[in-house]
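> Which chain is which? The protein sequence lines are B and A, in order. Residues in the first sequence are numbered consecutively from 751, following this note's numbering. Residues in the second sequence are numbered consecutively from 21, following this note's numbering.
Hints are computed from structural coordinates only; laboratory data are not their basis. Since the model is a prediction, treat every value here as computed from it, not as a measurement. Hints are supplied without guarantee of correctness; some may be wrong.
[As the list claims (entries may be wrong)] Across the chosen pairs, the derived CB separations fall in these ranges:
no., chain 1, residue 1, chain 2, residue 2, range
1, A, Gln84, B, Val786, 44 to 50 Å
2, A, Lys69, B, Thr787, 30 to 36 Å
3, B, Thr795, A, Gln84, 51 to 57 Å
4, A, Ala30, B, Asp784, 26 to 32 Å
All residues carry an ideal CB built from backbone N, CA and C; glycine is no exception.
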Amino acid sequence: MDQDQARMLAALEEMQMRDSLRTFNGLVERCFTDCVTGFRSKSLTDGEDKCVTACAEKFFNHARRVGQRFGELSQKQQEDLMKRMQPK
Amino acid sequence: MSGQQMELEAMADMFNKMVDQCFKKCVAEYRESDLSVGESTCVDRCVHKYWGAHQKVQDILQKQMQAGGPSARPM
Numbered sequence: 751m752d753q754d755q756a757r758m759l760a761a762l763e764e765m766q767m768r769d770s771l772r773t774f775n776g777l778v779e780r781c782f783t784d785c786v787t788g789f790r791s792k793s794l795t796d797g798e799d800k801c802v803t804a805c806a807e808k809f810f811n812h813a814r815r816v817g818q819r820f821g822e823l824s825q826k827q828q829e830d831l832m833k834r835m836q837p838k
Numbered sequence: 021m022s023g024q025q026m027e028l029e030a031m032a033d034m035f036n037k038m039v040d041q042c043f044k045k046c047v048a049e050y051r052e053s054d055l056s057v058g059e060s061t062c063v064d065r066c067v068h069k070y071w072g073a074h075q076k077v078q079d080i081l082q083k084q085m086q087a088g089g090p091s092a093r094p095m
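Given the sequences, and given the hints that come with them, work out the whole structure.
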């Protein structure tokens with residue numbers, strides 16, 4: 751592996767780390783805002799617990815779906831680009 | 021930062037924004053962990069539209085740059 755490649759890989763890893771931390775914090779904020787409304791007890795109520803669980807799981811399912819569509823679109827864009835670059 | 025790296029970052033940034041936006045616009049409730057049929061349809065359309073808007077703005081930006089040089093300012 752050459753130096754350029756190693757540097758790219760390290761940058762990629764850092765980016766992924768930063769991304770997942772941000773996703774995590776954003777998710778906690780979103781699910782807390784949408785699910786937790788009362789403060790009569792200090793632990794999550796059954797309803798809040800279920801809501802937070804569904805919220806987090808649903809978000810990951812959603813992100814996976816967006817990832818699939820996103821992948822299809824970028825692949826198509828790549829293919830179109832290749833087609834345009836090839837001589838007719 | 022290399023151009024390749026910048027491009028990668030921009031791509032990832034766009035993807036994250038897309039995930040956020042489409043979740044906000046399409047997911048209505050948290051009763052179940054799975055996306056409903058309606059939510060899934062909405063998400064698919066949302067991704068395509070976000071992508072379309074991205075392309076559109078990119079085209080316009082490119083035209084502006086070509087017309088006024090790199091120092092062209094919007095408005």
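> Against this structure, judge whether each hint is valid.
Do the hints match the structure? See the list:
Restraint check, A/Gln84 to B/Val786: a C-beta distance of roughly 45 Å satisfies the suggested window 44 to 50 Å. Separation of A/Lys69 from B/Thr787 is about 32 Å and conforms to the stated range, judged on CB atoms against 30 to 36 Å. Range check, B/Thr795 to A/Gln84: Cβ separation about 53 Å, and the 51 to 57 Å hint holds. Between A/Ala30 and B/Asp784 the beta carbons are some 29 Å apart, a value that agrees with the proposed interval 26 to 32 Å.
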